[in-house]
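K.L.:
Residue numbers (our numbering), protein chains in the order written: chain D, 1 to 323; chain S, 1001 to 1323; chain F, 2001 to 2399; chain C, 3001 to 3399.
Note that these hints are calculated values from the structure, not bench results.
All values reported here derive from a predicted model rather than from experimental measurement.
Just so it is clear, CB atoms sit at the ideal spot from N, CA and C, and this is done for glycine as well.
It cannot be assumed that every hint is accurate.
[As the list claims (entries may be wrong)] List of simulated lysine to aspartate or glutamate pairs, DMTMM-like, C-alpha gap at most 25 Å: (1) D/K253 <-> S/E1221; (2) F/K2192 <-> S/E1279; (3) S/K1287 <-> S/E1221; (4) F/K2192 <-> S/D1020; (5) D/K322 <-> D/E221; (6) F/K2194 <-> S/D1166; (7) S/K1253 <-> S/E1221; (8) S/K1322 <-> D/E279; (9) S/K1031 <-> C/D3245; (10) F/K2192 <-> S/E1221; (11) F/K2192 <-> S/E1044; (12) S/K1319 <-> D/E279; (13) D/K31 <-> D/E16; (14) D/K319 <-> F/E2382; (15) C/K3192 <-> D/D20; (16) F/K2225 <-> F/D2245; (17) D/K31 <-> F/E2327; (18) F/K2380 <-> D/E301; (19) C/K3192 <-> D/D166; (20) S/K1249 <-> D/E16; (21) S/K1287 <-> D/E279; (22) D/K21 <-> C/D3197; (23) S/K1021 <-> C/D3245; (24) C/K3194 <-> D/D241; (25) F/K2225 <-> S/E1044; (26) F/K2085 <-> F/E2352; (27) F/K2225 <-> F/D2119; (28) S/K1287 <-> C/E3382; (29) F/K2194 <-> S/D1309; (30) C/K3380 <-> S/D1309; (31) F/K2194 <-> S/E1046; (32) S/K1287 <-> D/D241; (33) S/K1031 <-> C/E3327; (34) C/K3194 <-> D/E221.
[What the hints assert, rightly or not] Reference listing, derived: stretches of chain S covered by chain D, where coverage requires no fewer than 3 residues with Cβ under 8 Å from a Cβ of chain D: (35) 1047-1058; (36) 1078-1090; (37) 1094-1106; (38) 1192-1202; (39) 1238-1246; (40) 1272-1281.
The lines below spell out each chain.
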Amino acid sequence: MAKSMTYAILEAIQGEMRRDKLLTLLYEYQKPVAGGEKGAINLEAEFGRWRVRFCAIDEQWIVGGALGMSMIGVPAIAHIPSMTTFIPYELMFNHAGKLRHMTGGQAAFPMVLWADMAGRIPLQGAQHADAGLESSYARLAGLKVVIPSNPYDAKGLLIAAIRDVDPVIFCQYPVPASGQPVPDEPYVVPIGEAAVRTEGGDLTIVGYAPQTVEIAKAVAELKKEGITAEFIDPRTLAPLDGVMQTILKSVSKTGRLLTSDDGSYSFSNCTEIVARVAEALPGTRIKRLAFPDAPAPGAPEMLSYMRVDAARIAAAARKLVKG
Amino acid sequence: MAKSMTYAILEAIQGEMRRDKLLTLLYEYQKPVAGGEKGAINLEAEFGRWRVRFCAIDEQWIVGGALGMSMIGVPAIAHIPSMTTFIPYELMFNHAGKLRHMTGGQAAFPMVLWADMAGRIPLQGAQHADAGLESSYARLAGLKVVIPSNPYDAKGLLIAAIRDVDPVIFCQYPVPASGQPVPDEPYVVPIGEAAVRTEGGDLTIVGYAPQTVEIAKAVAELKKEGITAEFIDPRTLAPLDGVMQTILKSVSKTGRLLTSDDGSYSFSNCTEIVARVAEALPGTRIKRLAFPDAPAPGAPEMLSYMRVDAARIAAAARKLVKG
Amino acid sequence: MSEQDKTRQTAGGRLGGAAGPGGAISRRGFLRRLGAIGAGAAVFSTAICQRARAQYGAAAPDGPTLEQLTAMYTDMLKIRMWETKIKDLILGGGFRGVAHLYVGEEAIAVGVCHALRRDDYIASTHRGHGHLIAKGGDLGRMLAEITHKATGYCKGYGGSLHITDVSLGILGMNGIVGASHLFAAGAAYGIKVKGTDQVAVSFGGDGSIQGNFFSSAANSAAAWKLPWIGVIENNGYQIWVRAADVYGIVDLAQRAQGYGIEGRVVDGNDVLAVHNVARYAVAKARAGGGPTIIECKTYRWYDHYGAGGAKIGADGAFGLGYRSDRELRDWMAKDPIPRFRAFLVAEKVLAEQRADQIAAEVRQAVEDAAAFAKGQPLPKPEDGLMNVFAQGAVALRAG
Amino acid sequence: MSEQDKTRQTAGGRLGGAAGPGGAISRRGFLRRLGAIGAGAAVFSTAICQRARAQYGAAAPDGPTLEQLTAMYTDMLKIRMWETKIKDLILGGGFRGVAHLYVGEEAIAVGVCHALRRDDYIASTHRGHGHLIAKGGDLGRMLAEITHKATGYCKGYGGSLHITDVSLGILGMNGIVGASHLFAAGAAYGIKVKGTDQVAVSFGGDGSIQGNFFSSAANSAAAWKLPWIGVIENNGYQIWVRAADVYGIVDLAQRAQGYGIEGRVVDGNDVLAVHNVARYAVAKARAGGGPTIIECKTYRWYDHYGAGGAKIGADGAFGLGYRSDRELRDWMAKDPIPRFRAFLVAEKVLAEQRADQIAAEVRQAVEDAAAFAKGQPLPKPEDGLMNVFAQGAVALRAG
Ligand SMILES: Cc1ncc(C[n+]2csc(CCOP(=O)(O)OP(=O)(O)O)c2C)c(N)n1
Ligand SMILES: Cc1ncc(C[n+]2csc(CCOP(=O)(O)OP(=O)(O)O)c2C)c(N)n1
Ligand SMILES: [Mg+2]
Ligand SMILES: [Mg+2]
């Protein structure tokens, strides 16, 4: 059985906590415990309650506490549940992202904000079925934002995030255990590098996290019809320059860009990618698919009508290529 | 003497408070008092302390309180200072923007978040010299975002915002008292409509708030050189559809788009406008100018090096038109 | 406020400790106490009832109080049976919705909401079905909503976490812990602006006093004596986290002191105890006396969420890792419903037969609600684009 | 802790009220008290000193305590004179910076920071020059920074609001009110992880106890007995807003009770009173006894910001709309510096002459600092693109 996303994440933290005796996890109710083929991981049992601390329902503390700790050289991971992703927004904006600059390089926050993201799940209601929040973080100076789409990337990106001396937002969306097998040993997936998931010449498709499942299906479907798509998973949203190199290279070749988001349409995720391509490569034919600018309704009928799926991606791709 | 931004805003509130006996203002330390040719405005003196309430340093209260009031039909204006603009971000995101939808249309928040924006002012340091925060709000479902660039628009947009039954973020940047004279009477500048500040055929320039000062200078400069720019001030950032009609019409004509932001470059303000133009009008030549993805340093030398100014706008315009 | 009340008003003091005005109480006094809402009234606990009963024999209050007591009993049963039905539906499989069950805590919602007028406001939580029912919610439309039907309270958009009836003065159930307090305090401010004598009550769990919202609510309510009542439903757990491990205080009502607010601790499984403190707080708030924070100690019979550890046709969720079955059984023995029924019967408010009849009627109402909900239509897919703003629909961007 | 201390530990109790262990105190006892840092020590106020002096005649403590007292006096003067210089520079026109002046509140920064080791942490505020000086900040590099010079503490990026020296354990001045408390509490948690006996102190004004940050700091510190000390510098105003209009409590240390934290109120213009409560709190925190919240009542001599209402060469800002000149004069009469000097001289810690000499030295140091800062180079424009991340520079996007 492949390692799950959660297992891969906890394995990353376990390895780093063994390596760095100060690394500390603050969390709320989502126990850092996972069972897998390689044996169960139980971080509190292994590292004790000071280093693996469950907290009150107080995300301001979890993130602010992690910031304070990390300022005195105790690296910290702040894990907060999905519906609370914006409670620490001000802390990350005005403090984590600015203090190094404001102090002329003196201050550092070696911390990771491990933010759960709900994704567009049905029967929950809008507060518990959101996506796209990462773009609000990606626009804040001084912060890095990574979004793995599979357990392999999750482990490698999280280790990179933990070892980074700058604050990193690690966004965990619910994605199935697909992709490369996850090695037991620590390894790094560098922040700022996109992954080319499939190569192709007719158009470039960009998307991440749960959308990768839909895109992969669409790419397979299109291939049967003779349309080859180059599918790029950015993995990092900020800083974006490295990611853009890969995307621009691909779009220079294909001349067409299709992006697909679970986040809402306006001012969101792939918008920045689209804008950069438009600036750099005028003439590119571009289509942006996304969730509408609306909250996510609980009723599955409404929700799935609003979400981008494989069929819609394939249809948009056909139109871009043929239209 | 022309009415200042603050005077125009307080005049708007004064008129609306006279009209609606429940309308209430919660604020912190920025006294709603202004002197002008037409006589001084002192809202607390006129409407009493219950309706014009100074509060503790607690922006969560100011905004959350306004939300609670407005839910029971007491329309409210929550005024918060610039360095705190993201403290109520979660409240606007998970509650103000979602509750109508979540309740199937039952709940309403007839409130205005009157958010001060610092702009890129020198000698303050990064927490007190920020810009571009509006784009984080513009991507949230269920919220409207307006940004006046002069006192006339400020008064008219604020009255529109107060009368709107949906929550509106009214962003006040420091801008000089330019533009049309401000009538004493209430009037509405409709939300969702851009203003064409100057007409031209060679390129379209989009920008708002303090950037309008720089753009206006650049447009005048360019005109001398025989380049005519169509300068559009969006005034509303969300919802953007109406604004885009104006911009798309202009770009269809000019074929070139230059945007200019005081906000940072990535995932920000004019990015959405650029992306929409790129989707709708492939082949458009596009340039986005913005503050770098960095906090604002206090030292004026560093700050002005980083900010977009008239000379840079003119240079970019020349390049777009000639290059 | 009486001296006894004063001793009890410090957060540490527990209702039912040194309770009641000694032995000497007249029947009239007892009834007055039962119905009292003046600031001097404050406390009416089972202990007092028992003493009163011992002295004067069983006696039913008459007039509106009788009706009200019966209505309270009925509402407690409604919550219990409606939620037990949900639990059974979940366990039956294929349930089109989610639920955080309130069973075991009915005395709080009912005790508080029956101290309110229809035009008073409440702000509720993720565990809010009980609040909605106690404020007058319709069982059928509620069930239609939590199964996301087009005719549910929120037309299927909201579901269990956001089900609400704004016309009943309900400021929404809210999936964000603690937000209820802030919105209710805001509403309380609005009441002051309107100049009415309404009050605004927020419910929140033991987990709701931290985070950003509670503090802002409490401080503002204290500073300006807002008609806000913060009810803390302390059921001992925040999912599986115990308050003692994450707070420096034991009685959560102690938080009130830091703001200059009166804090009260009450047995949350005693509906009359809750009701009387609530009536006191409501009367005080209406009279301009400012806020009260009421901590109700209670327990939830089911898991935080869903029906894990539960069985169809049986009460309670057993075998959950974070709590012992014994703890649950001890609390089930303190079930607020039979306790209240016994009181009502003993006090001749209700005859046994009438009590049985009410139970049968409620059971039938729940079955009717379930049947109603089942027959309701699904929402139209494109309606998800509506109700973002008051006017119009947003654009579909997905394709 | 002594019984007297216990009575004083409730938030309402004021230091110097029923202070001191009665008349009978030996010289050794006096010195022990002065130097005491054990949990039993707690209170050493001017009142005690005066009584002690009356009994035993003037006597200077010897050894390190003497040095420390002199250093405290010197630091208070440094803050006063350095800031007075800033005020004069602002009034002189063309000042390349901003300032929230601390003058009048020196006893707090000095009393607290001199109870700390160099490796202890402090988190400061917008009004933080005093904290930085008391923790050992260099006057020249500070002035270079608040005039945004390339060789200032923050290379000109930060200025007055963010000036800091991380190597002195300063977690930053912070322009966001209240954030200091949360970061210090986080640091206190980090200390526990490291297993050292350091402590983390946050300063904050009377405005800093509301908002999101304080509550999270206090609750966490209480729950896990973190070595956090929250110092509330209650100068009566939040810009122009009075606490009484926006809080439901008078003594802000009362907030502590709601979290289960010991709260103390102290005369913030009495450096020894502040120092002794701070020493008590620090010793308690080092010993694992958990947090303390100390409210220091004080007053700022200048306006919230800048030098409005002030004059070159004269103390205090007069004619501000929100406070009376008389109130200011009353507080200026309670100036902590001459008060402390009088004590030191009377106790023969310092001779008058030595005291004058220190003042002259500090005055010279301030002039040197000003001259140093003036001569420093401006930052390079392109350096604004640096220090966003630890590595590299971000791209210029402006053209
Ligand atoms: C701000 C916030 N943080 C976390 C959550 C996730 N969450 C939902 S319910 C819950 C526990 C609530 O505990 P309590 O307040 O005691 O209420 P109870 O469930 O016991 O009724 C948590 C942590 C949330 N919804 N909102
Ligand atoms: C969160 C936040 N809200 C508002 C402000 C604006 N502001 C700066 S200082 C200040 C007053 C602070 O008062 P207090 O805490 O009493 O400190 P003092 O200035 O009196 O030392 C305010 C409102 C801010 N910086 N941060
Ligand atoms: Mg609970
Ligand atoms: Mg103050």
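K.L.:
Indicate, hint by hint, whether the structure satisfies it.
P.N.:
Results of checking the hints against the structure:
1. At roughly 39 Å between alpha-carbon atoms, D/K253 and S/E1221 are farther apart than 25 Å, so this suggested pair is violated.
2. For the proposed pair F/K2192 and S/E1279, the alpha carbon gap of about 51 Å is over 25 Å, so the pair is violated.
3. About 19 Å separates the Cα atoms of S/K1287 and S/E1221, which keeps this hinted pair within 25 Å; it holds.
4. Restraint check: the Cα-Cα separation between F/K2192 and S/D1020 comes to about 16 Å, which is no more than 25 Å; the hinted pair holds.
5. About 16 Å separates the Cα atoms of D/K322 and D/E221, which keeps this hinted pair within 25 Å; it holds.
6. Of the supplied pair hints, the one linking F/K2194 and S/D1166 holds, its CA atoms being roughly 21 Å apart against a limit of 25 Å.
7. Between S/K1253 and S/E1221 the CA atoms are separated by roughly 21 Å; this keeps the pair inside 25 Å, and the hint holds.
8. For the proposed pair S/K1322 and D/E279, the alpha carbon gap of about 16 Å is at most 25 Å, so the pair holds.
9. Distance restraint check for S/K1031 and C/D3245: the Cα-Cα separation of roughly 15 Å lies within the 25 Å cut-off, and the hinted pair is therefore satisfied.
10. Our distance criterion of 25 Å between C-alpha atoms is broken by F/K2192 and S/E1221, whose separation comes to about 56 Å.
11. Taking the CA atoms of F/K2192 and S/E1044, the gap is about 16 Å. The hint holds against a cut of 25 Å.
12. Taking the CA atoms of S/K1319 and D/E279, the gap is near 13 Å; set against the 25 Å cutoff, the hint holds.
13. Restraint check for D/K31 and D/E16: satisfied, since their Cα atoms lie roughly 18 Å apart, inside the 25 Å limit.
14. With a C-alpha separation of about 23 Å, the suggested pairing of D/K319 with F/E2382 holds against the 25 Å cut-off.
15. With a CA separation close to 16 Å, the supplied pair C/K3192 and D/D20 stays within the 25 Å bound.
16. At most 25 Å may separate the alpha-carbon atoms for a hinted pair to count; F/K2225 and F/D2245 exceed this at roughly 32 Å.
17. Taking the CA atoms of D/K31 and F/E2327, the gap is about 22 Å. The hint holds against a cut of 25 Å.
18. Taken as a hint, the F/K2380 and D/E301 pair is honoured in the structure, with Cα atoms around 7 Å apart against an allowance of 25 Å.
19. A distance of roughly 23 Å separates the Cα atoms of C/K3192 and D/D166; the hinted pair therefore holds under the 25 Å criterion.
20. For the proposed pair S/K1249 and D/E16, the alpha carbon gap of about 55 Å is over 25 Å, so the pair is violated.
21. Restraint check for S/K1287 and D/E279: the C-alpha separation of about 6 Å stays at or below 25 Å, so the hint holds.
22. Annotation: proposed proximity of D/K21 to C/D3197 holds, straight-line Cα distance about 18 Å (limit 25 Å).
23. Pair hint S/K1021 plus C/D3245 holds up; C-alpha atoms about 24 Å apart against a cutoff of 25 Å.
24. This hinted pair does not check out: C/K3194 and D/D241 have alpha carbons roughly 37 Å apart, beyond 25 Å.
25. In summary, the hint linking F/K2225 to S/E1044 is supported, as the alpha carbons are separated by about 19 Å, within the 25 Å threshold.
26. Between F/K2085 and F/E2352 the CA atoms are separated by roughly 24 Å; this keeps the pair inside 25 Å, and the hint holds.
27. Note on F/K2225 and F/D2119: the hinted pairing holds, with a Cα-Cα distance of about 20 Å set against a maximum of 25 Å.
28. The suggested pairing of S/K1287 with C/E3382 holds, with an alpha-carbon distance near 22 Å, which does not exceed 25 Å.
29. At roughly 49 Å between alpha-carbon atoms, F/K2194 and S/D1309 are farther apart than 25 Å, so this suggested pair is violated.
30. Taking the CA atoms of C/K3380 and S/D1309, the gap is about 19 Å. The hint holds against a cut of 25 Å.
31. Pair hint F/K2194 plus S/E1046 holds up; C-alpha atoms about 17 Å apart against a cutoff of 25 Å.
32. Of the supplied pair hints, the one linking S/K1287 and D/D241 holds, its CA atoms being roughly 17 Å apart against a limit of 25 Å.
33. Proposed proximity of S/K1031 and C/E3327 is supported: the alpha carbons are some 22 Å apart, at most 25 Å.
34. A hinted pair counts as satisfied when its Cα atoms are at most 25 Å apart, and C/K3194 with D/E221 does not qualify at roughly 55 Å.
35. Only residues whose beta carbon comes within less than 8 Å of a beta carbon in chain D count, and the stretch 1047-1058 of chain S has 0; fewer than three means the coverage is violated.
36. Judged by the Cβ-Cβ criterion of 8 Å, the stretch 1078-1090 of chain S is covered by chain D as claimed, because 6 of its residues qualify and three suffice.
37. Given a C-beta distance limit of less than 8 Å, the hint that chain D covers the stretch 1094-1106 of chain S holds, as 5 residues qualify and 3 suffice.
38. Only residues whose C-beta sits within less than 8 Å of a C-beta in chain D count toward coverage, and the stretch 1192-1202 of chain S has 0 of them, not enough to reach three; the restraint is violated.
39. Note: the stretch 1238-1246 of chain S has 3 residues with beta-carbon separation from chain D under 8 Å; the three-residue rule is met and the coverage holds.
40. Three residues within the 8 Å Cβ limit are the bar, and the stretch 1272-1281 of chain S against chain D gives 6, so the coverage statement holds.
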